[in-house]
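Student: Read off the chains here:
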Amino acid sequence: MRSKPVQLAIAGVLFVGVGVLVAVFTLALALLGEPDDNVTALTVGKIVIALFALLTLITTLGISLVWLERKQLGRMQGRVGPTRVGPFGLLQVVADGIKLLMKEDVSPGSSSKAIFYVAPLLVFVPSFVVWLTIPLSEDLVVRSLDLGVFFFIAVSVLSIVGLILAGWSSNSKYAILGGFRSAAQLVSYEIPLILGVLSVVMVADSMRFTDVVEAQATVPYIALLPLAFVVFFISGLAEVGRTPFDIYFAESEVVGGPFVEYSGAHWAIFFLAEYVNTFVVAALGALLFLGGWVWPLGDLGQVPAVAIFLGKTYFLAVVIFWVRATLPRLRIDQLMNVGWRLLIPLGFASVILIAVQRFYGWPTWTLTLMSLAALVVAAWVQMRMQRKDAVATAQRYAQRAVEVQPSRRRPGPESQQA
Amino acid sequence: MIGTFKGLLTTARWLLKRPVTAHYPEQHLPVQQRYMGFPALLMDDTADEPFCTGCMVCVRECPTQCMSAQMHDNPNFTDGTSHRRKIINEFEINLNRCILCGICVDVCSFDAIEMSYEHELASYARTGSRADLPQLLNLGRRYVDMSGWSPANAEKNVAEVALAKRAAAAAAKAASAGDDAPADEPTEGGE
Amino acid sequence: MTAEQTYDTVDMMLNMGPQHPATHGVFRMVLTIDGERVVDVTPHIGYLHRGSEKLAENESYGQVVTLFDRLDYVANLNNELIFCRAAERLMGIEPPERGQYIRVILAELNRLASHLLFIGTYAIDLGAMTPIMYGFRERERIQNMFESVTGARMMHNFIRIGGVKEDVPADFVPRVRALLDDVERGVHECDRLLTFNEVFLARTRGVGVIDLPTALSCGLTGPSLRASGMAYDVRKDYPYEVYPYLAYKVPVGENGDCWDRYYMRVLECYESLSMVRQCLDQMEEGPVMAQMRRIARPPKGEVYVHGENPRGDIGVFLVSDGTDKPYRVKVRPPSFCNLVALRPMMRDAYIADAVAILGSLDIVLGEVDR
Chain A
19 MRSKPVQLAI AGVLFVGVGV LVAVFTLALA LLGEPDDNVT ALTVGKIVIA
69 LFALLTLITT LGISLVWLER KQLGRMQGRV GPTRVGPFGL LQVVADGIKL
119 LMKEDVSPGS SSKAIFYVAP LLVFVPSFVV WLTIPLSEDL VVRSLDLGVF
169 FFIAVSVLSI VGLILAGWSS NSKYAILGGF RSAAQLVSYE IPLILGVLSV
219 VMVADSMRFT DVVEAQATVP YIALLPLAFV VFFISGLAEV GRTPFDIYFA
269 ESEVVGGPFV EYSGAHWAIF FLAEYVNTFV VAALGALLFL GGWVWPLGDL
319 GQVPAVAIFL GKTYFLAVVI FWVRATLPRL RIDQLMNVGW RLLIPLGFAS
369 VILIAVQRFY GWPTWTLTLM SLAALVVAAW VQMRMQRKDA VATAQRYAQR
419 AVEVQPSRRR PGPESQQA
Chain B
3 MIGTFKGLLT TARWLLKRPV TAHYPEQHLP VQQRYMGFPA LLMDDTADEP
53 FCTGCMVCVR ECPTQCMSAQ MHDNPNFTDG TSHRRKIINE FEINLNRCIL
103 CGICVDVCSF DAIEMSYEHE LASYARTGSR ADLPQLLNLG RRYVDMSGWS
153 PANAEKNVAE VALAKRAAAA AAKAASAGDD APADEPTEGG E
Chain C
6 MTAEQTYDTV DMMLNMGPQH PATHGVFRMV LTIDGERVVD VTPHIGYLHR
56 GSEKLAENES YGQVVTLFDR LDYVANLNNE LIFCRAAERL MGIEPPERGQ
106 YIRVILAELN RLASHLLFIG TYAIDLGAMT PIMYGFRERE RIQNMFESVT
156 GARMMHNFIR IGGVKEDVPA DFVPRVRALL DDVERGVHEC DRLLTFNEVF
206 LARTRGVGVI DLPTALSCGL TGPSLRASGM AYDVRKDYPY EVYPYLAYKV
256 PVGENGDCWD RYYMRVLECY ESLSMVRQCL DQMEEGPVMA QMRRIARPPK
306 GEVYVHGENP RGDIGVFLVS DGTDKPYRVK VRPPSFCNLV ALRPMMRDAY
356 IADAVAILGS LDIVLGEVDR
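Chains as they are written, first to last, in this note's numbering: chain A, 19 to 436; chain B, 3 to 193; chain C, 6 to 375.
None of these hints come from the bench; they were simulated from the model.
None of these values were measured; they are calculated from a predicted model.
Heads up, a few of these hints could be off.
[Unchecked claim] Over 12 Å on every C-beta distance to chain C, these chain B residues come out as not near it, computed from the model:
no.	residue
1	10
2	45
3	77
4	83
5	92
6	104
7	124
8	150
[To be verified] The list that follows gives simulated cross-link-like pairs (lysine-lysine, DSS-like), each with its CA atoms no further than 27 Å apart:
no.	chain 1	residue 1	chain 2	residue 2
9	C	254	C	241
10	A	191	A	131
11	B	8	A	406
12	C	59	C	330
13	A	89	A	117
14	A	406	C	254
15	A	131	A	117
16	A	89	B	8
17	B	19	A	22
18	C	59	C	241
19	A	191	A	121
20	B	19	A	89
21	C	59	C	254
22	C	335	C	241
23	B	19	B	8
[Said to hold, decoys possible] Reference listing, derived: stretches of chain A covered by chain B, where coverage requires no fewer than 3 residues with Cβ under 8 Å from a Cβ of chain B:
no.	stretch
24	22-31
25	300-308
26	394-404
Don't be surprised by glycine CBs; every beta carbon is placed ideally from N, CA and C.
Throw the hints in and build the complete structure from the sequences for me.
Tutor: Rendered as structure tokens:
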């Protein structure tokens with residue numbers, strides 16, 4: 019679409035951006051150093067600086083999604099998205115952030131102030147802490163934990179507490195409804211998410227992210243485990259509250275849910291947490307199912323590896339936003355139905371299929387086959403139960419429509435000839 | 003599933019199409035020929051005075067009472083340079099109240115008021131949208147420049163056009179004087 | 006703590022509106038909810054009351070048209086049409102045929118615009134963000150067409166007592182044909198995006214069901230009534246203007262749920278497209294305004310005239326005392342009467358359904374409150 023030099027320039031800027039990211043991350047890692055028993059002021063200072071660097075980095079990655087989403091949604095809807103601030107509207111998010119920070123921080127008179135102001139942090143902190151173990155490439159990881167996957171799941175659940183507290187402390191009916199909804203939704207969808215991740219862990223035989231990625235050097239797990247990927251992706255959407263599962267802050271129902279009474283900087287933190295969480299889910303999908311930084315053509319070096327990983331992550335984010343542009347929102351009971359009656363059985367099916375395959379030592383391609391078969395069955399059942407009936411109804415209506423013929427002839431030369 | 007995938011394809015297709023957005027401050031969409039913006043007063047260039055004689059028909063017919071007018075004796079009439087005995091002295095339209103219905107244009111017998119193409123009248127002053135006589139004539143000038151309006155081709159003038167159509171349609175009954183519009187202009191208030 | 010302990014739950018009152026994003030203006034529902042379930046609903050109206058009916062008593066007949074523009078501000082031309090028909094009936098005049106064709110073309114285009122807006126807002130009520138952009142895009146095209154014909158995008162004041170204000174521009178017919186092709190694509194796009202979407206089906210099928218007897222007793226009209234299975238359409242049953250010259254279908258549903266109400270409107274979009282095309286084919290040159298005095302002054306008497314609006318059966322009861330101002334104007338607004346059905350529809354609804362049900366009635370508050 020754009021001319022060649024502009025394309026090259028964009029590519030160059032992107033590559034430099036990834037380079038800066040890698041440099042900052044490496045620097046932060048160096049500052050953090052190895053765990054040490056004697057704590058001095060220097061180490062504390064180093065750690066604080068490193069944390070600030072990482073926080074900035076992750077925040078930047080998170081808010082890059084805001085721009086991406088607005089731009090993509092705009093284009094999908096025939097609009098242009100942000101264009102005014104900065105080139106391609108890139109700085110729009112920054113402008114919005116500054117605006118939010120300048121705004122008065124209002125809290126309802128009858129809210130529980132302490133909890134009200136702590137809740138946004140409780141939501142944001144877990145989404146930041148999970149980055150402790152998410153690797154950007156083989157060496158670019160703060161701590162490559164043995165139980166990295168487990169750590170991720172254990173920590174990310176904590177943000178529910180923040181949401182419930184936000185809903186409860188606001189002392190607003192919409193907020194409390196949203197808080198309850200978020201509790202119900204996030205707790206139920208944690209299970210299929212875990213089942214999806216568990217399938218990967220079973221195949222990879224490790225809970226360390228770097229091992230899981232290395233295991234996908236030849237074939238990414240999305241080819242082996244489409245069923246697990248679908249389960250993971252849908253419940254991931256629900257975990258971060260993206261459409262069609264944006265029930266707990268549904269704008270047309272509970273007007274923002276737990277966030278309804280927040281304004282200014284506190285609201286900005288919620289907003290940031292939401293997008294960082296989205297990025298985390300996309301990154302997790304890229305690591306567990308798309309092969310992370312692995313490239314079929316062999317080792318490329320640090321910066322390209324991170325670029326590949328980020329590319330895969332952004333690709334998943336684009337899919338998430340694509341779904342958002344297309345689907346309406348489910349109802350709370352339907353959400354529960356999808357979670358408990360569809361995703362959890364499918365997740366267990368995935369785990370059992372893998373267990374059977376591992377136990378009998380069947381070749382791995384049987385996994386793909388079995389997964390696809392399970393998916394097809396699920397889709398077929400859905401079509402039988404829902405779509406077929408609706409299409410038949412629509413056809414019936416088209417036939418049932420009462421036809422009205424012209425009851426009088428229009429007096430005029432044309433109609434007299436006819 | 004099929005419905006969802008069809009929807010996904012629909013949205014994805016738009017990703018490749020050109021957006022339909024017009025970037026407003028840089029790019030103004032042209033108004034249509036008949037666009038009815040805020041009302042403006044027109045100048046009679048032959049006599050160098052407004053067409054408006056201050057007959058108050060528009061003021062009375064306005065559904066929102068957004069206008070006020072005042073006439074006085076026309077000095078040019080005594081000079082002999084004009085055929086108007088009375089001429090408008092003060093005219094004010096509160097454009098905030100105006101609902102752009104075009105009734106004032108319909109009822110005007112002198113083609114003195116027209117719906118101009120002006121539609122961007124944001125101002126920083128509270129009274130910014132009160133237009134007095136010079137401003138209204140200014141709007142009228144701009145409208146004439148933009149539309150090429152002249153008394154001869156008053157396309158937008160409904161009374162004229164309607165009269166012409168009526169005359170054409172009722173050529174046979176041309177003699178009947180019942181539908182002469184200005185003659186049928188009774189004073190209001192006689193309930 | 007014994008096992009027999011029962012828990013006392015208290016229903017919660019939830020104030021939805023008048024500034025809730027899903028109540029389509031300034032409508033207020035007081036929901037009594039038990040958890041996520043709606044136990045009862047009390048609609049509160051009147052936030053947009055402007056006294057249009059009373060105001061009309063102090064305006065001349067020509068000026069009242071501008072008030073009718075502002076009743077159902079999504080389907081202005083349909084509203085103008087109904088008042089002008091009432092005044093014409095009272096005065097015993099009939100507009101010339103070309104005028105009637107222009108009126109019907111504009112009214113059907115406005116019905117399209119209104120239904121497109123409905124599809125968009127309904128989707129946004131259910132959480133889908135894209136159809137409203139597609140719907141608005143097409144509606145914008147229609148409004149551009151209105152602008153070139155009437156000079157205004159929304160408040161036209163174009164349909165006058167005795168005909169229309171002026172003839173259409175010279176390039177009207179080819180432009181409308183091109184417009185119809187564009188709009189048909191747009192309607193089809195919304196249709197494909199939404200109608201058989203699984204999530205949409207789940208949210209609307211079997212939700213807000215109202216059976217035909219209840220619907221009739223609530224005074225439901227328009228697409229909402231047709232969704233319940235009765236083929237009542239004023240255009241068909243009490244033909245007016247040039248509708249008798251046109252061939253069209255009146256879509257009828259059977260379940261009376263939200264999806265039916267939505268789908269009726271989608272089908273009507275296609276019917277409106279075909280009706281406009283027929284009008285363009287049949288329209289001939291001629292006058293557009295009946296011969297009448299410039300100031301309308303109907304004789305003493307009263308008249309009730311009704312017609313089919315996008316939202317249902319709109320009626321105008323007009324009393325004249327022989328002066329140039331109406332003695333009394335009473336409007337039967339379809340949105341207001343359709344709102345009566347809100348309560349029976351809300352049986353066993355969730356909060357999310359409350360939004361879906363209200364959206365499927367497609368109310369316009371300008372008309373409800375007048």
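Student: Out of the numbered hints, which ones does the structure contradict?
Tutor: When the structure is compared with the hints, numbers 1, 6, 18, 21, 24, 25 turn out to be violated.
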